[in-house]
Amino acid sequence: MESRQLKMKINPIASPTWNFLRLNDVPIDETVKLNGRGKSIIQNIPPKVMVSSGSCRECGECEAATYDDLRQMNTGLGREADDFFDEVCDDVLHIRSRKNAKVSEPVCISYTFEDGDANAMRQEIIAEEGSSITVIMDYTSGRKDKGFFGVQTKLKACENATIRLIKIELLGDGFLHFDGIAAVAGRGAKIELLQMELGGGRNFVGVNTDLEGTLSTFEGNGAFLCLNEQKLDMNYYIGHRGKKSESTLAVKGALRDSASKNFRGIIDLKHGAKGAKGDEQEETLLLSEGVHNKTLPVILCDEDDVEGSHGATIGRLSKETLFYMQSRGFSEHEAEVLMAKGQLNFVRDLIGDEKSVGRIQHYIEEVFGDDR
Amino acid sequence: MEKERTEVNDIDRSIYDFRDSEEGFYKVKEGLTPAIVEQISKEKHDPGWMREFRLKSLEIYEKLKVPDWGPDISGLNMDDIVTYVRPNTKMSAKWEEVPEDIKNTFERLGIPQAERESLAGVGAQYDSELVYHNVKDEVSKTGVVYTDMESALTGEYEQMVKDHFMKLVPPTDHKFAALHGAVWSGGSFVYVPPGVKLDIPLQSYFRLNAAGAGQFEHTLIIVSEGADLHFIEGCSAPKYNVANLHAGCVELYVGKNAHLRYSTIENWSKNMYNLNTKRAICAEGATIEWVSGSFGSHVSYLYPSSILKGDDSHAEFTGITFAGKGQNLDTGAKMVHIGKDTSSFINTKSISKDGGISTYRSSVTVMPDAENAKASVSCASLMLDDISRSDTIPAMDIRTDRADIGHEAKIGRISDDAVFYLMSRGIGEEDAKAMIVSGFADPVSKELPLEYAVEMNNLIQLEMKGAIG
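Protein sequence lines correspond, in order, to chains A and B. Numbering (our numbering) for the first sequence: 1 to 372. Numbering (our numbering) for the second sequence: 1 to 469.
Hints are supplied without guarantee of correctness; some may be wrong.
Cut-off 30 Å, straight-line C-alpha distance, at most; resulting in silico cross-link-like pairs (BS3-like, lysine-lysine) [as the list claims (entries may be wrong)]:
| # | chain 1 | residue 1 | chain 2 | residue 2 |
| --- | --- | --- | --- | --- |
| 1 | B | Lys325 | A | Lys270 |
| 2 | B | Lys340 | A | Lys243 |
| 3 | A | Lys277 | B | Lys256 |
| 4 | B | Lys340 | B | Lys256 |
| 5 | A | Lys319 | B | Lys446 |
| 6 | B | Lys410 | A | Lys190 |
| 7 | A | Lys231 | B | Lys256 |
| 8 | B | Lys309 | A | Lys231 |
| 9 | B | Lys309 | B | Lys162 |
| 10 | B | Lys162 | A | Lys7 |
The set of hints was computed from the structure by calculation and includes no laboratory data.
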């Protein structure tokens, strides 16, 4: 059992603002006893997809430069968290779609944990030129389990390739969870990210995307549900370097009881990214007096021939919606549950994998079933 | 063929860029030491408590760090800044008693003319001290007090000043608030008695003439229950090759059901570090409206904040920022909702050109007891070339479910579609683009007092040539 002192600043923002808001980063200072427990099972490996595990240079099938790209890139969790992954994870799980292979069937990886498990893992997903790949990763434990799970995922979509990454987080409410993602998209490449953040006690999600190629795109959709004492901290950075690159980021969810959530979303329209467009939208439904929500949607713009926009809506159920629902026979509580489910279903319905959707649905019903 | 770009002219600063001799002026040494602070206190005949306050503020200043999140201010060296420059004259209520060169300065800036035509009272500060302060008789008769801070501090309003001075912006707030607490001089004190509604505005104009100097005026306004005031603040300075510093402080107390509009046109020269702090607190049913135009300065940190403490209180901030060559203007607003049924509205526009950097920064905080708080933030930025920069950094901190918060922002250049539409209606391309830029600034300019709206339109009255982009 390896005892690690996690003393770091996590989810640092690229454009700091007033320190009193406590949004520039999150200080972490605690001991984690890494025990390597927890299972990761690859449920399905479709044809034309290569999966291997080992150190970065071992597989020998990809050009070293491809890995160097990923190596140099930090996840949205920040350098200090990435240094931690480098120190504790010897092996990396490599997933790669071959050139021009259009793989519609997803690679499904399930990570299951029990009470007391503490582990950290790394993956790299590479879609070679003209290929497409879908990877579904879900993290599960018992609802009341405690533990630690850190996961770092690095993506590279080469020219005209598509990576679709789906992450479903259903950990127990005693889990400390780090989920760091770094993604780079080449010319004409697309990265699609779907995230369901439902479980965990303290969750830190950091996504760093580099749209380096002309006509590259990023499409991010995230849904979250935070209940009781849950804390969720999200840090998204989307850098536009490629001409006519486009990004959309939509994050929706609900807070209840004493839950808290921070959302930072940065669209960085860099000099030279002519014709680039970036848009981010956030909706947070507030369901209890004790909730705490912080939102920081940022646009950085160093180029005139671009379009950037962001919007945020934070609040309770509107009186008009509530009145409408009540006139249809729903109680106030039922109306709130229905609307909260609606926030989550927007991502659930994009996933397209029946098994995953069923698992999410079961989790949501179970959570709201506790209210009965 | 390369497209011809629209030329949007820089703000014409020739009306501000003239200097007067500093011969015969009293100055303290450059830098910041307890001895200098004590010297300022002595020169200003401070009461004992103010002298102690200054020295305590200096201690706080020494302990606080410079901001680590905004524009670079490493070019500002406090060892080079003269914190107190007193012109060779006393404050007067008679225009003819003001020395000729200073009088000419304010004549060129149009202050006396504005006083005659459209103001209830005027204060004119030159470097560190007020040189002219006057209020119309009919306004004085209503019990409105409009005087310089030094007179208020040493006269019958000392207790009122003591009760309010830097209570809203304590020296611990940030490094430059502490600096202000240590070396402040000049500024205006306004008291509007209960129920008095002033139909025409009061105006203070701040002129910093001395090279390498700082201006640290303090504006304290108390608007009592049911009263109404419009206060206008203007500032300018000639350009020098050394850094100048403005670290003023504005504290506004808006009483129950009172209304205060605070308008500012800031046109400091492009060697100025403008590190100004403005804050208002609203009692039950009170309204604060900020109208702010930021055109000058080399670097600005400016975020007027509104504390909605009373139930049913309301705040609005309407601002425009124009960042040209060599300018890094970090502006915005802060709203804090504490009382029930409070509402706030922020509407800003930014224009960047010629390598100018404009940053919109804001925060909306809704405290746990602020039931039924409503806040709306809208910011738009226009980039006029590809060597400029425009960032928006708006934060929202919501600590109750009983709130409705909305935010929207857009950044871009002049839309080709909009130009095409206007041209299809028979408007020439240059006129179409001029119309779009003017329309972009219009929601702000229409909130300005007439003479300032005209000035702003002149500032952005754009000599269009060719096509943007």
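Structure-based check of all given hints:
1. B:Lys325 / A:Lys270: The given pair, whose Cα atoms are some 19 Å apart, holds under the 30 Å limit.
2. B:Lys340 / A:Lys243: violated, 48 Å
3. A:Lys277 / B:Lys256: violated, 47 Å
4. B:Lys340 / B:Lys256: holds, 14 Å
5. A:Lys319 / B:Lys446: violated, 34 Å
6. B:Lys410 / A:Lys190: holds, 24 Å
7. A:Lys231 / B:Lys256: violated, 39 Å
8. B:Lys309 / A:Lys231: OK: B:Lys309 and A:Lys231 at ~29 Å, within 30 Å.
9. B:Lys309 / B:Lys162: Distance of about 21 Å is within 30 Å: holds.
10. B:Lys162 / A:Lys7: Answer violated: B:Lys162 to A:Lys7 is near 46 Å, above 30 Å.
Hint compliance for this structure: hints 2, 3, 5, 7, 10 are broken, all remaining hints hold.
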